[in-house]
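> Spelled out from the first residue to the last, the chains are:
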Amino acid sequence: MVDASKPAGCVPSPVARAKWTRLRFSIAVLATQVLVLAALLVMWERATPKGSPAAFMFGSPSAIAGFLVQMARDGSLWRDAGVTGMETLLGFFMGNLVGTLLGLSLWYSRFVSRVVQPFVIALGSIPIIALAPIVIIWFGTGLVSKVAMSTLSVVIVALVTSYKGAIGVDGDQINLMKTLGASKFQIFRKLVVPASLTDIFAGLKLTVGFALIGAIVGEFMSSSEGLGHAIFKAGSLYIIPKVFAALVVTIVLALVLTWIVGKIERLLIPWRRQA
Amino acid sequence: MIAEAATYAKPGEGGAVDGAALPLVVEHVAKGYDFNGQVVPVIADLSLTLRKGEIVSIVGPSGCGKTTLLNTLCGLLAPDAGRIRWHGRQVVGQPQNVGYMLQKDLLFPWRTALANTMLGLEIRGVPAAEAEDRSRAMLDQLGLHGFADHYPATLSGGMRQRVALARTLVNDPDVLLLDEPFAALDFQTKLLIENDMVSLVRKGGRSMLLITHDIEEAVSIADRVIVLTRRPTAVKAAYEIELGSDRADVISLRENPDFSRYVRRIWANLDVAIQ
Ligand SMILES: Nc1ncnc2c1ncn2[C@@H]1O[C@H](COP(=O)(O)OP(=O)(O)O)[C@@H](O)[C@H]1O
Ligand SMILES: [Mg+2]
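Chains A and B, in that order, are what the protein sequence lines are.
Per my numbering: the first sequence ends with 320, consecutive numbering throughout.
Per my numbering: the second sequence ends with 334, consecutive numbering throughout.
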């Protein structure tokens, strides 16, 4: 309500006040998170003085920071992150594309989905690392085998989440479509696919991590570049701060990719943003 | 005077000739559900007729099979016995030109009010421009001018049910089948939306079958009220409601002394005793 008798801007409106309360809350959360992290880093640094056996075994924040700067300077950070990022993105894309298409299309036939069910469960229970040797024999030691590993670790999850979304559609909504004269394909396209989008995106966020794991496991097995390669190499040379430095880069990469998926979700599901 | 008449169809009544003029004839329909291998009868033996331009309300104790009846009529469930004829013909699957509306608005959250309204026209392949014009006009008629581009999440319960009504009426149905469509709304909202609906239905010369547990709603809207028995259900009684010639204004009609007399009589005849 606008009250004409009072000068505007003097008394904060309830909306502005609610906004400020929310903002204050998130600032407090963020500040506490930063403090906790800082305290942990300080304790870590204190416990691992330079040259001590502890510093050798556990690394120290300052040594890790030193390696990060060095890796950034000599370009290996960007190259490794770029390689792993590319493998992850390709695997993420292919795995989700194939998995989602299969999962959604299983909605079409109760018979086919029943037939396929035990096979999906069997494939889903294979630890991805157990497939690595075969994948390398089939696809070589280059980019393709990493993308294949990444795809494999994503595809079953994408299939299951999109199928669950599809069969979870409200039966009354399907009945409504039928009474409006919709064909099975129209029900699929106008109802099942959009209704499953929320579940599909939940799956996408989950599979960012899986895609990254697949790519890094592939790099562990055989590679000449990438973050997995950097971690593996530093580990076998006992340069523990460098292992941590590469891990930090990996975490940042995962966060960036998850953030991008979240942005795309906001673009594609506007009705939730407005709500 | 209150007339009490048995106007539900008798066997053999309404043959092919005059049956064709009747939008809906139900003869000896029975329906049960399979429950752990046993058939639990829900509809015992039910016959009724809906005339052109007539509004019929169906009341009955909770759980007696009203929803089951409606789903059977619009082809979502197959009857175990009996005949259902739409405009004189038995149909396989969903009858045409029949609108269906539930207590749940079933709006698609990813579609705006306008796009939700357009759903049926879109399914039938009506050109987009025409579908949009008709849908906007229908939303305007239901008092939703200016809300066409809103997503359902930003509309109140009453407005959402108005959009659901627009989605039903825009397809120009001959018959409306409604299953407690306003049961979740507060009293004033419900009266206003009922009033708008009845005047649109009467003006368009449409027929309507309204299931409700609200006897006042049934009497104020309908030309005839059919009372069902407990499960397994059948027609217990039917009341011709004669409350003057102007039946479009369902609000002022409630002040008619005959109105409360009808309500009391029907209430007395309903099996609502605690079981
Ligand atoms: N799909 C179903 N399977 C088994 N029983 C059902 C099913 N749907 C409804 N019933 C049972 O049939 C009876 C009638 O249900 P319903 O038609 O929804 O009643 P009403 O709409 O009159 O409240 C209830 O006892 C209910 O438990
Ligand atoms: Mg019901």
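What the hints contain is simulated information worked out from the structure, not anything from laboratory work.
There's no promise every hint is true.
Think about it this way: if two alpha-carbon atoms lie no more than 27 Å apart in a straight line, the pair counts; the simulated DSSO-like pairs of lysine-lysine are [as the list claims (entries may be wrong)]:
1) A/K95 - A/K64
2) B/K295 - B/K111
3) A/K209 - B/K163
4) B/K111 - A/K235
5) B/K163 - A/K223
6) A/K209 - A/K229
7) A/K235 - A/K209
8) A/K229 - B/K111
9) B/K295 - A/K223
10) B/K249 - B/K262
11) A/K235 - A/K223
12) A/K223 - A/K209
13) A/K308 - A/K209
14) A/K235 - A/K250
15) B/K163 - B/K249
According to the in silico footprint, chain A covers these stretches of chain B (three or more CB under 8 Å from chain A) [to be verified]:
16) 157-167
17) 282-292
Derived Cβ-Cβ restraints for the label pairs, each shown as a range [what the hints assert, rightly or not]:
18) A/A61 - B/Y92: 53 to 59 Å
19) B/A188 - A/S58: 38 to 44 Å
20) A/S154 - B/G141: 49 to 55 Å
21) A/S269 - B/A188: 58 to 64 Å
Heads up, the beta-carbon is just placed ideally off N, CA and C, and yes, glycines get one too.
> Could you run down the list of hints and mark each one as holding or not?
Okay, the hints, checked on the actual structure:
{"no.": "1", "hint": "A/K95 - A/K64", "in the structure": "47 Å, violated"}
{"no.": "2", "hint": "B/K295 - B/K111", "in the structure": "23 Å, holds"}
{"no.": "3", "hint": "A/K209 - B/K163", "in the structure": "22 Å, holds"}
{"no.": "4", "hint": "B/K111 - A/K235", "in the structure": "33 Å, violated"}
{"no.": "5", "hint": "B/K163 - A/K223", "in the structure": "16 Å, holds"}
{"no.": "6", "hint": "A/K209 - A/K229", "in the structure": "18 Å, holds"}
{"no.": "7", "hint": "A/K235 - A/K209", "in the structure": "17 Å, holds"}
{"no.": "8", "hint": "A/K229 - B/K111", "in the structure": "31 Å, violated"}
{"no.": "9", "hint": "B/K295 - A/K223", "in the structure": "31 Å, violated"}
{"no.": "10", "hint": "B/K249 - B/K262", "in the structure": "20 Å, holds"}
{"no.": "11", "hint": "A/K235 - A/K223", "in the structure": "12 Å, holds"}
{"no.": "12", "hint": "A/K223 - A/K209", "in the structure": "21 Å, holds"}
{"no.": "13", "hint": "A/K308 - A/K209", "in the structure": "23 Å, holds"}
{"no.": "14", "hint": "A/K235 - A/K250", "in the structure": "24 Å, holds"}
{"no.": "15", "hint": "B/K163 - B/K249", "in the structure": "14 Å, holds"}
{"no.": "16", "hint": "157-167", "in the structure": "holds (count 7)"}
{"no.": "17", "hint": "282-292", "in the structure": "violated (count 0)"}
{"no.": "18", "hint": "A/A61 - B/Y92: 53 to 59 Å", "in the structure": "56 Å, holds"}
{"no.": "19", "hint": "B/A188 - A/S58: 38 to 44 Å", "in the structure": "42 Å, holds"}
{"no.": "20", "hint": "A/S154 - B/G141: 49 to 55 Å", "in the structure": "32 Å, violated"}
{"no.": "21", "hint": "A/S269 - B/A188: 58 to 64 Å", "in the structure": "59 Å, holds"}
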